Amino acid sequence: MRFRQVDSPYHKKNEEPKDTDMQEATVKKERSSTYNIYTNEDRLRFLFSLHEKLMNPTETTKLANVNPETTRKWKRESAKKTLRRRYPLKKTNRTSNRAPSQLNESYKMYFFNFFDENPSVVIQDVVRILTKGFEDLKIKKSRITEFMKEDCNLSKKVVSRHPKDRNNQTTLEARTNSIE
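Per this note's numbering, the very first residue in the sequence shown carries number 1282; after that it's consecutive.
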């Protein structure tokens, strides 16, 4: 079997490749931006101010003299590491602007004893009884709810209320008839 040569514009015999149609490539521009190089000490200074001194992240960024986007990345990484170590961080009293909680261990024991005696008590009753039992205590319902949830590990149940017509005798009969 013999192959025959096909003449095409792409395959010309004895013709040199044309180099005249090519253009010069443009030179790459030098970047004017420079990257900041931070040491491990800068990172530790930022994290110390953030976690130990409980400073605001923007204040800490200015104090450490670091780019804000870099500090966001450091904060995110440190949060991931603490989650991996499984050290739980309490949400209460972590902000510097907030006053320390008035409720402490003695109140916690009072809570446990009170809820053991009255398991179906309402939070308004707890506020009333605490203010009667401890004269110097002035506290709101939201703080007590937060203290129960965060420090005492107690959960609150929300009452679901139904309109009277829903449990009316005629409505119940109509429902049972529609099911049958």
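If you are wondering where the hints come from, they were derived from the structure by calculation, not from laboratory data. Honestly, I wouldn't trust all of these hints.
[What the hints assert, rightly or not] Calculated cross-link-like contacts (lysine-lysine; reagent style DSS-like; alpha-carbon spacing at most 30 Å):
{"#": "1", "residue 1": "Lys1419", "residue 2": "Lys1389"}
{"#": "2", "residue 1": "Lys1334", "residue 2": "Lys1354"}
{"#": "3", "residue 1": "Lys1343", "residue 2": "Lys1356"}
{"#": "4", "residue 1": "Lys1413", "residue 2": "Lys1389"}
{"#": "5", "residue 1": "Lys1419", "residue 2": "Lys1430"}
{"#": "6", "residue 1": "Lys1438", "residue 2": "Lys1389"}
{"#": "7", "residue 1": "Lys1389", "residue 2": "Lys1334"}
{"#": "8", "residue 1": "Lys1413", "residue 2": "Lys1356"}
{"#": "9", "residue 1": "Lys1413", "residue 2": "Lys1430"}
[Claimed, not checked] With beta-carbon atoms standing in for the labels, derived distance ranges:
{"#": "10", "residue 1": "Leu1335", "residue 2": "Asn1449", "range": "26 to 34 Å"}
{"#": "11", "residue 1": "Glu1431", "residue 2": "Glu1398", "range": "17 to 25 Å"}
{"#": "12", "residue 1": "Lys1437", "residue 2": "Glu1333", "range": "30 to 38 Å"}
A quick note: this is a predicted structure, and the numbers were derived from the prediction, not measured. Cβ atoms here follow ideal geometry from the backbone N, Cα and C, with glycine treated the same way.
Here is what the structure says about each hint:
{"no.": "1", "hint": "Lys1419 to Lys1389", "result": "holds (16 Å)"}
{"no.": "2", "hint": "Lys1334 to Lys1354", "result": "holds (19 Å)"}
{"no.": "3", "hint": "Lys1343 to Lys1356", "result": "holds (15 Å)"}
{"no.": "4", "hint": "Lys1413 to Lys1389", "result": "holds (16 Å)"}
{"no.": "5", "hint": "Lys1419 to Lys1430", "result": "holds (19 Å)"}
{"no.": "6", "hint": "Lys1438 to Lys1389", "result": "holds (19 Å)"}
{"no.": "7", "hint": "Lys1389 to Lys1334", "result": "holds (27 Å)"}
{"no.": "8", "hint": "Lys1413 to Lys1356", "result": "violated (44 Å)"}
{"no.": "9", "hint": "Lys1413 to Lys1430", "result": "holds (22 Å)"}
{"no.": "10", "hint": "Leu1335 to Asn1449: 26 to 34 Å", "result": "violated (56 Å)"}
{"no.": "11", "hint": "Glu1431 to Glu1398: 17 to 25 Å", "result": "holds (23 Å)"}
{"no.": "12", "hint": "Lys1437 to Glu1333: 30 to 38 Å", "result": "holds (33 Å)"}
Hints 8, 10 from the earlier list are contradicted by this structure; the remaining hints agree with it.
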